Amino acid sequence: MVRPEPYPQLTDPQWGAYLFLRDNTKGWFRERWVHVHGCRQWFNLIRNTVSHQILLSYRMDEKPPQLPPAELP
Amino acid sequence: MTRYNAWNLFKQGLTGQRGWTPAWRSPEPKPRYDVVIIGGGGHGLATAYYLAKVHGIRDIALLEKGWLGGGNTGRNTTIVRSNYYYPESAAIYDFSLRLYEGLARELNYNVMLSQRGIINLVHTRHDLEGARRWVGAMNANRVDAELMTPDEIQRHIPLLDVSRSARYPVWGGFLQRRGGTARHDAVAWGYARAASALGVDIIQNCELRGFVMGSSGQIEGVDTSRGRIQAERFGMAVAGHSSVVADLAGFRLPVTSYALQAFVSEPLKPVINCVMISFATGMYLSQSDKGGLVIGGGLDHYLSYAQRGNMPMIRNVLGALADQMPALGRVRLLRQWAGIVDVVHDSSPILGATPVPNLFINCGWGTGGFKAIPAGGYLLAHHLATGRAHEIASPFALSRFTSGALIDEAAASGIPH
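Order-wise, the sequence lines are chains A and B.
Under my numbering, the first residue of the first sequence carries the number 514, and numbering increases by one thereafter.
Under my numbering, the first residue of the second sequence carries the number 1057, and numbering increases by one thereafter.
Quick caveat, the hints were computed from the structure, so don't treat them as lab data.
These numbers come from a predicted model, not from an experiment.
Every residue, glycine too, gets a C-beta built ideally from N, C-alpha and C.
Just so you know, not all the hints are guaranteed correct.
Unchecked claim - Partial list, derived from the structure: chain A residues whose beta carbon lies under 7 Å from chain B: (1) P521; (2) D525; (3) F533; (4) L534; (5) N537; (6) H565; (7) L569; (8) R572.
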């Protein structure tokens, strides 16, 4: 997420969207996890929010891979 | 519609109970309606019913992807209560509880409302101070609530470990006597039967595929698995799938979808005569009329559209039960399931207008949608019929995420949704 700038010129809808709107994807989804009860490392996952299948993980400094195509229903 | 009463039961008894008609009609969808409601859970069904009953709008189609009440309406722990903190929340949830109190008579359908009382347990000195403040707020909002001492709680719930050495010592609690449970399926079926009798077309196995947008940004119709249906106005009450439907209509919502689990044990003799929730562990339980313990807890902590939960939360919830009520430690579970709930930053619902001029929304109830079914339906129906928000609903507009006027029940009353 990129914080919108310059702040003094933002409208309320722009700032509200930055604060409150998040992707809530059904299907393949990029997300950031932290291994709290172990090595405490942050990492990225591509995970399916319907099947909970984890496709792959990638490091914080890696470029995000392409998401797989959505499955047909 | 055959009325349910003693005379008709007797009369049908004379002919072997073979004369009953189906509780609701299942017509083929017409190409055009005044109002289309998307979502055949409790909130959608209640919206259709109040539109027809209160506002006289009867040319309504209610579209349900699966079967009536098969989503969160059939997956909750059936608790009704109005123990919230802010005046806006008290107004909406107590309105809902008052509608529940007259619902069986209103619908001619036994929703098995049981106002057995709900006890919130407090486990620290600080939570006790918070509970005093909370009870004060409830009383100021004219909602019944009373503080309880540990002794009173022990008399109410003998199974609970309130001893000094308890893993979660009990410092006190508070009781809302009007809280309790209702039969979840009966609420959905009762609204469906009453709405159908007023002329609402209930169309099941009808999945929304997309919206047909008009030239000025309004919706002209919906494409569904059973064809295109046009309408003047549209309502949506789809809980955990609100973001998906909003995406089809071209706007975004401040909603995240999570799995919320619940559990039912094997049937036991009566062991608890109220609803109990613990602040320390988030675990709550009540006992159904069949004797099963109905147990719930917190959310699974990641975005999910899978209607099943995971093991860490099962361990948290059932571990808390075994710690707090050691006698239940060896009770076996019959079932475990999850529903997808629509969680909003301030744990308050989103009601009313959307960026699409003729689409109106009811979502964001999070983990507490069942108790709000009558109010959510009544208020969405009001907005659909009059074009304006009801005064109880207006603080819960989507626009509060632009104006900043949040109603933060997560911070105020620690309601976990």
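Which of the listed hints are not met by the structure? The structure conflicts with hints 1, 7, 8, although it agrees with all the remaining ones.
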